[in-house]
Every structure is written in C-alpha cells, then in structure tokens.
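Participant: Hey, can you work out the whole structure from these sequences and the hints?
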Amino acid sequence: MEIIGVIVAGIVIGLLGKFVAPGNRDNIPLWLTIVCGIGGVIIGWYVYTAFGGNGSSGIDWTRWIVAIVVAAVLVVIASALTGRSRTRTAL
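Under this note's numbering, the first residue of the sequence shown is numbered 17, with each subsequent residue one higher.
What the hints contain is simulated information worked out from the structure, not anything from laboratory work. Mixed in with the good hints there might be a few duds.
Label pairs and their calculated CB-CB ranges [what the hints assert, rightly or not]: (1) 98 with 63: 22 to 28 Å; (2) 62 with 28: 17 to 23 Å; (3) 47 with 73: 34 to 40 Å; (4) 28 with 63: 16 to 22 Å; (5) 98 with 23: 19 to 25 Å; (6) 97 with 75: 31 to 37 Å; (7) 69 with 23: 21 to 27 Å; (8) 24 with 63: 26 to 32 Å; (9) 45 with 73: 35 to 41 Å; (10) 67 with 22: 17 to 23 Å.
The C-beta atom is built at its ideal place from N, Cα and C for all residues, glycine as well.
Facilitator: In structure tokens, the structure reads:
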C-alpha cells in the first residue's frame, strides 16, 4: 500500500463511515473523520487478511465493505470520546 493511496482511500472511507454510522454520530470534526477513515482502511484490511481474505482479481468488494464497517465503528467511538453535543441546555 502506498501512503498516498491509503490517505485518499481513508478520506473516502471515512466519509462513507460517517454516513453509515447509526444515529446522530456526525458531530466530530472533519479531520477526525479522515483519521478514522485511514484507520478504518488499515485495520479493515488487516482484519480481512486475518480471516483468510487473500484478495481477488479486480475490485475486492469484501475488503472495502470491511474497511467501511471498521471506519463506521471508529467514527462512533470518536464521537463518543469527543463528547461534542449539539443540544443546548437552558440555565
């Protein structure tokens, strides 16, 4: 994997992960979404190969789906850890 390819794939996968994250989980900054996407690509591809995935000729859709799911999980975790809330409480 080239570093530029991982960054570009991470941006796309991070935004897809943010899109498929359940509920109101889009309250994290864009840079953190991109970091989650890059982590999703790297961890997702590792998980895919750990469970016997060896790639295929052409586009390997299973590997990309695993990367999107991992990125979505990372977006949910990052959202829970950052704790930014959109609701305002009246004092």
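Participant: So which of the earlier hints does this model not fit?
Facilitator: 8
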